[in-house]
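Asks: First to last, the protein sequences are chains A and B. Quick note on the numbering used here: the first sequence kicks off at 682 and runs consecutively. Quick note on the numbering used here: the second sequence kicks off at 682 and runs consecutively.
Honestly, the hints are just simulated from the structure, not real lab data. Be aware that one or more of the hints could be misleading.
As the list claims (entries may be wrong) - Computed footprint of chain B on chain A, listed as stretches where at least three residues anywhere in the stretch have a Cβ under 8 Å from a Cβ of chain B: (1) 1101-1111; (2) 1121-1128; (3) 1227-1239; (4) 1247-1258; (5) 1295-1304; (6) 1335-1342.
Bear in mind the structure is a predicted one, so any value in this text is a computation, not a measurement. The beta carbon of each residue, even a glycine, is placed where N, CA and C say it ideally should be.
There are 2 protein chains.
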Amino acid sequence: MKIKILFFLLFLVAAVMPCISGTHPNMLLTRAGVREIQKWSDRSPAFRKSLADLKRMADLAMQNGVVVPVPKDEGGGYTHEKNKNNYAEMNAAAILYQITGDKAYAGFVRDMLMEYAGLYPTLGLHPSLRSSTRGKLFWQTLNESVWLVHAACAYDCVYDFISASERQYMEENLFYPMAGFITNGNPENYAVFNKMHNHGTWANAAVGMIGYVMGDRNLVDMALYGSLKDGSSGFFKQLDQLFSPDGYFTEGPYYHRYALWPFMTFAQVIQNQQPELDVFGYREGILFKAVDAMIQQSYNGELFLLNDALPKSLKSKDIVSSVDIAVKNNPENKSWLEVARYQDDFLVSDAGISTARALLREKPGPVVLRSAFLSDGPAGDAGGIAILRGGSRTGSACLTFKATSHGLSHGHYDKLSLSFYDNGNRVITDYGSSRFLNIESKSGGNYTPENYTWAMQSIAHNTVSINEKCQFDGNIKVSSRYHSDINYHDFSDPSLQVVSGTEKNAFPGVTLQRTVAMIRLPGLGDPVVLDLFRVRSGPEALIDLPFYFNGDVVFTSFVLAKNRDLLKPLGKENGYQHLWLEASGRPAGTNAVFTWINGSRFYNLTTLSDSGTQVMMVRTGANDPEFNLRSEQGIILRQSGVAQHTFVSVIEPHGLYDLTNEVTAGIRSQVSRLQLLEDTELNTVVRIALADGSSCLFIAVNADFDADKRRTVTVEGDTIQFKGNFQLVKETI
Amino acid sequence: MKIKILFFLLFLVAAVMPCISGTHPNMLLTRAGVREIQKWSDRSPAFRKSLADLKRMADLAMQNGVVVPVPKDEGGGYTHEKNKNNYAEMNAAAILYQITGDKAYAGFVRDMLMEYAGLYPTLGLHPSLRSSTRGKLFWQTLNESVWLVHAACAYDCVYDFISASERQYMEENLFYPMAGFITNGNPENYAVFNKMHNHGTWANAAVGMIGYVMGDRNLVDMALYGSLKDGSSGFFKQLDQLFSPDGYFTEGPYYHRYALWPFMTFAQVIQNQQPELDVFGYREGILFKAVDAMIQQSYNGELFLLNDALPKSLKSKDIVSSVDIAVKNNPENKSWLEVARYQDDFLVSDAGISTARALLREKPGPVVLRSAFLSDGPAGDAGGIAILRGGSRTGSACLTFKATSHGLSHGHYDKLSLSFYDNGNRVITDYGSSRFLNIESKSGGNYTPENYTWAMQSIAHNTVSINEKCQFDGNIKVSSRYHSDINYHDFSDPSLQVVSGTEKNAFPGVTLQRTVAMIRLPGLGDPVVLDLFRVRSGPEALIDLPFYFNGDVVFTSFVLAKNRDLLKPLGKENGYQHLWLEASGRPAGTNAVFTWINGSRFYNLTTLSDSGTQVMMVRTGANDPEFNLRSEQGIILRQSGVAQHTFVSVIEPHGLYDLTNEVTAGIRSQVSRLQLLEDTELNTVVRIALADGSSCLFIAVNADFDADKRRTVTVEGDTIQFKGNFQLVKETI
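With the rest of the complex left out, here is chain A (with noise of 0.2 Å):
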């Protein structure tokens, strides 16, 4: 009986959610909002340009008048442009409309959606037939739910400007049209809707906002809950798939930060619309978590290169969005003020003007980057990508190491693979995607047919080919039903960060084991990174691991032959023929010497060698017939015809190459040694020796991995013990 009572009383509660009591703006804008802008926004500089800006946009596109055309071209074109636009100018004025009360921007927000109100119902489905959910207004759903979800906030804010006529008309004839296309238009929209995938948070986004604005519960209720509203899709469901526990999304960095656009948008509505859900408190708090997990990986205010992506700066639009949401609702977290005042710019909102505020209150704040390990897959155990940071300042060495899983269609071959930043540089990089963006001539602005046979083959990474093949063949299917495993990882210690990855499915038979350490040695100024890739495999094989490096060449230990009048592809297929073989060599000795400048500084890779390895230079650039692929370099490490071999190198940034005062200092790379004595199936040991004549062993667990196991190594006669996965030894002699 008080059990029924009590879900009456929530019925009651949930039937008068505040959507449904007519208050306007209440989405990313609130009245208290409206408030806070007018009262503090002349205060803070920072907020007064995005005020501005803003102000700009709307008065220009007010000026030029209301332009709606007739769906035609794809992105890029004039048709997608514009009506991209309009989204954007709406919202603009209409924003304008509640801080200044200036009429005319009502009017003018009023008059565009008059003309889609008008428009729309004329539509069929877009003539560009790319897209498998092609759009109405654009080529593709998805632009359709980005223009709603700015519609909605549009449209909020002058609700109370227009007549309920004009309401009535704008409703019957464009939003619940829209939406309805966006759930169920077809069978594609209505797997988008209820998909697991950024589309599908866009979609979400979109209906559960408009429904928000039209005060229409069955909207939001299928927003949030999926078509079905029994919590099987939707975005509560979309929380718990799409990232991981340490808010990894799964597609990489840059698509993170698209996807959390809406995520933060459509929580922040939730949040003013219905507290009760407690939204940003979901799974643990999981958005933010998200937020902190794309702003960790970044690198001198980039995203990190990873997958599918193009340079994306922490300044974007969206990423002011969702930092400016984050920080409003969880305003302790003084990290991403400090990235709000990087960013310089706000969300004109109440998530902006609240930010704004902090910043004229708080002092430049704490450390916002560090060493961090964020786990793949929405339970946490599907590999990750580790982050090793050799300090917190800009500036200071970065290793990403990936061992995730595929990462859906924007994921790339790419398993055990590093990238190192330095210096506020990319220094050993992924190649990202091949794409220019909205560019019409560059395949429609899409990913170009070279994304395909470049950028997501393994030979476009800084991890191992075997047999000039790609991980799982390239096969997106067999490489989606695998991940590799992240065996330890240990950032406890500032002075010996250690990370450790295993991949058994990338080429059948053979296992792929990687351990990279970021160690401070006493003597170096910067860390220097240890990297020991072991590859076991059963049949003699071919083995490729390259370094593709920014930056001049200024010596070499060995002859590296370079190719003076004559270049030829590396290869025929699997991105192989992609890279002009430009030079070649077969060190003498153990150990081969690489040395080249980036920016201000110089770095090196020492790497063990035998009579089997052949080193290569390489650049991008052949069989690229459309000028697609940008002009970038590596060296490739080769051992030919071995069964098994373990990599093993040393990557050292030194000295100071300063040519706006002429000085030239510490040219000279400090390790004068590698030895690997030994390496079973149990463990690793590897010397490096420093030309001040000290030297120190790494010992490398290789299995039965336990952080409290205690082990027992004997190298050179000398028992070493110690507990863990690790060891490191400083020697005397």
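With the hints as your guide, set chain B onto chain A.
Replies: Coordinates of chain B only, in the frame set by chain A:
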């Protein structure tokens, strides 16, 4: 009789010049300056930082103690770098002694000078044979002069601290022998000391400055008026000879700022010691003109890459020093103050504190950069360099046009070459020099062989090469005999800036004439560059005009067939051997369009084409066994077997490619068509048609240049009358 008395009085004034009065310090730092620094440095955070940097250097040096190695190495090697650091460190300590009064600093300077005084008499010539003017402390006497300039300042600061006997020891064993060695240690040094060359400037400054400190009139007079003290050489003669009347330094901006350092340093000392010489007023303020000319030869805070040049920031210490001294001695020039604000760093000296104080008083000031013409040659009649700017803000378009004399040993064979900067980026650029500064493994830190085989060659520049040969056949003796001529330049109308140059000697029997105009057309957001390059040859020839561009190719209007799986060098010699031929095509029709992205903008090269036009895409790196060349790309316009040809091209910046906010706009060129309507010895007439249907005619006069002359040209039956050397006619259709 009266004249005799006047001479006698002048002699008296000279004899009691302040240096002999025993006032110390009185070089870059004076007693008054010390008081200013003590009083004001805390008020300027930037000056405080410069002072703190100096203190850090001095303190660290004192921690490490005095180490004076016996000279052995060349640039980049230990003894070279250590003896170089020593002068900076003793100078830092000496300044700190004056400012803080802490005698430990003075003691350190004394100890170091005593060490050098002990070492110097034991030294023969430096073991390295690489320089024709071997030094004792360094492999070339130049470095010895630089050492002495700093040591003189240091000695001056601690002069009163050191005992008379110590001073005597230092002067007898170090300063007099070194000054003697620099002035006349051997015939080579004697020649350099009296040579019109930046090495001579350093030698004069060194000898003059130590002369002032020691109160030695003989040394000072030799420095000012040459070994013969008759004004036939020495500092004042250099002021006459090394700069053009516009302040242009013939070797180009990179060596300009290096030469300016001792010029300004020594001038400040002369001003302090012998103000009656009015050194800054000499030759109508030639030193100020030189400072201004240096600043004008910069873009986005970096000097132009012309002749032998590495990237060089306006923030480099030598430029900081020159700008501070310029500001102190001409505080009216607010442009220089703005450069000092940008530098955010000061010379810890009278000039530095004075500049820092001025910045505290002055609000951010007027325009620093402008369109400018800088004549070359002591009399200003040896051609010159033109700098055309689209505006004064950072990021405004900037075109350089070089039609100078050769530029001594650092000159390139680049007559009539252009470079183009926009949006803060190098868009079409010179390669600069092939050099890795002070890196021993790279040609001992000096210019690499490719500096001669590539960087200096004509094909490495954005100008014409004929029959795959270098201008002047790459013979510096021949090239140094001639200079290009500037026909006219007119920057009076910001919307139509034009310069024209002629070169008649680079290829025997061939006349090269280039007219470039920066034109702001209605309807275009940015100015375009119209480039008319007329080649009049006797016999039929192969004519190449390259444009080396930075960025990614996005569009070509013609089939530019890229070599998929085989690259070969373009040629065998004269720089052609260093170019990989990446792609080639023959445009159909009368216009060829080539579009690329650089940073966040698109750039178009639209060029007139005919059935004989070949367009090739090339990349540096062939025949480069030591990896000395950077990988850079260019397109080459080639006409074969023609006795004459006029290249007509438009460079057009447009649109926006904003990866941060994913906005792509204005991809398409607005230049729809170029037509060459007339091309005679008298006039060239070109029509530029725009996509909006508008068009304009540009008429360039090719002979009989006269800004006041009235001209009549008939174009398509219409008679056009105008005055001067060029005309822009807007057409209505």
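Asks: For each hint, tell me whether it holds in the structure or not.
Replies: Hint check:
Under the rule that three or more residues need a Cβ within less than 8 Å of chain B, the assignment of the segment 1101-1111 of chain A is violated, with 0 such residues. A count of 4 residues in the segment 1121-1128 of chain A with a Cβ less than 8 Å from any Cβ of chain B is obtained; the coverage claim is therefore met, three being the minimum. Under the rule that three or more residues need a Cβ within less than 8 Å of chain B, the assignment of the segment 1227-1239 of chain A holds, with 4 such residues. Coverage of the segment 1247-1258 of chain A by chain B holds [criterion: at least 3 residues with CB-CB distance below 8 Å; count 5].
Coverage of a stretch by a chain is defined here by at least three residues with a beta carbon nearer than 8 Å to that chain's beta carbons; for the segment 1295-1304 of chain A and chain B the count is 4, and the condition holds. With 4 residues having a Cβ less than 8 Å from any Cβ of chain B, the segment 1335-1342 of chain A passes the three-residue criterion, so the hint holds.
Of the numbered hints stated above, the single one contradicted by the structure is hint 1.
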